[in-house]
Amino acid sequence: MKVETYETVSPLGAYRPMMTGHGNSIGAILVTQGKLSVENVDQVMALQHREGWRFGEAAMRLSLIDHADLLDALHKQYDLPMRSAGANMSSELVAVHSPDHGCNEELRALRTRLLLRWRQAGATRRVLAVISPCGGEGRSYVAANLAVLFSQLGERTLLIDGDFRRPRQHRIFGLPDRVGLSAVLSGRADRHVVQAIPGFHHLAVLPAGAPPPKPLELLSRPALVDLLDAYAAEFDVILIDTAPANLFSDAQVVAYHAGSALVVTRLGHTRLAETHRVVKHLGDGGVAILGALLNAC
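Residue numbers for the sequence shown follow numbering that gives the first Met the number 0, so the first one is 0 and each next one is one higher.
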């Protein structure tokens, strides 16, 4: 029988193979990040076993790491974006900057409802236009944070900024906006110009790009249908930000091609008649309304 041996002899030596970066334990992550050496791990585990503490707590008690190091390792372990990932992003991304914010709970509940609706419908193509009647309802805010929250579930998520009138997603995520959806639809760029978001393993954004002279005509081209079909084969969830639906027809065209929509209104801002108008137009176009959000954030 072959007996495996290790470089050093230690009662905790059986743990050493995990310290080469192949494990998902806190210790393995800290070693991979260069925060601990393998010898440090033996020290931490000895104290951990003696005192009954968690690994991270024991490492901090030995002053080998600080609280920030532990938080980064926990984010890595649970496949959440690193704390530094959102440094260039807008404070509107509460899903990144303020995970415990009350608005996040509302958005997580919305995420769950959407997933259930898709599952109940047996949807094989999860493409959703995010729509609001007018400006100022928080449509772009909702789309951006929902995209982050879907990605945190491990869903390969693409956020498309389809608002050629007043695009905002590139500002929210701190991205360049030189090339985007307008270039792809006009044939000046291919679909792979989507931008992966650093620190977010399952999230990509396609900014609006340069404003086209005739937004509605560009969005009405068959190219948008082909593009969404291609992306649907590569991503699990596709969210599309849109222009205000009662001000421009762009949103209705995008929603029609997406096949489903989420309607966002704002408490104390959106009139009931404006909401009814949007819902009627979507229904007349055969768009499935998967949900509605009364935004109070």
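Hints are computed from structural coordinates only; laboratory data are not their basis.
Honestly, I wouldn't trust all of these hints.
What the hints assert, rightly or not - Label pairs and their computed distance ranges (CB to CB):
id, residue 1, residue 2, range
1, H268, Q42, 28 to 34 Å
2, D189, D235, 41 to 47 Å
3, R60, D235, 16 to 22 Å
4, P197, G134, 25 to 31 Å
5, G101, A272, 50 to 56 Å
6, G101, K279, 30 to 36 Å
Glycine included, every Cβ here is placed at the ideal spot set by N, Cα and C.
A quick look at each hint next to the structure:
Distance hint for H268 and Q42: a CB-CB separation of about 58 Å, inconsistent with the stated range 28 to 34 Å. Separated by about 21 Å at the C-beta atoms, D189 and D235 break the suggested range of 41 to 47 Å. A hinted range of 16 to 22 Å for the beta carbons of R60 and D235 is inconsistent with their spacing of about 41 Å. Checked against the given bound of 25 to 31 Å, the beta carbons of P197 and G134, roughly 30 Å apart, stay inside it.
Between G101 and A272 the beta carbon distance is about 29 Å. The supplied range of 50 to 56 Å is therefore violated. For the pair G101 and K279, the supplied restraint of 30 to 36 Å holds, since their beta-carbon distance comes to about 32 Å.
In summary, the structure is inconsistent with hints 1, 2, 3 and 5 from the numbered list given earlier, while agreeing with the others.
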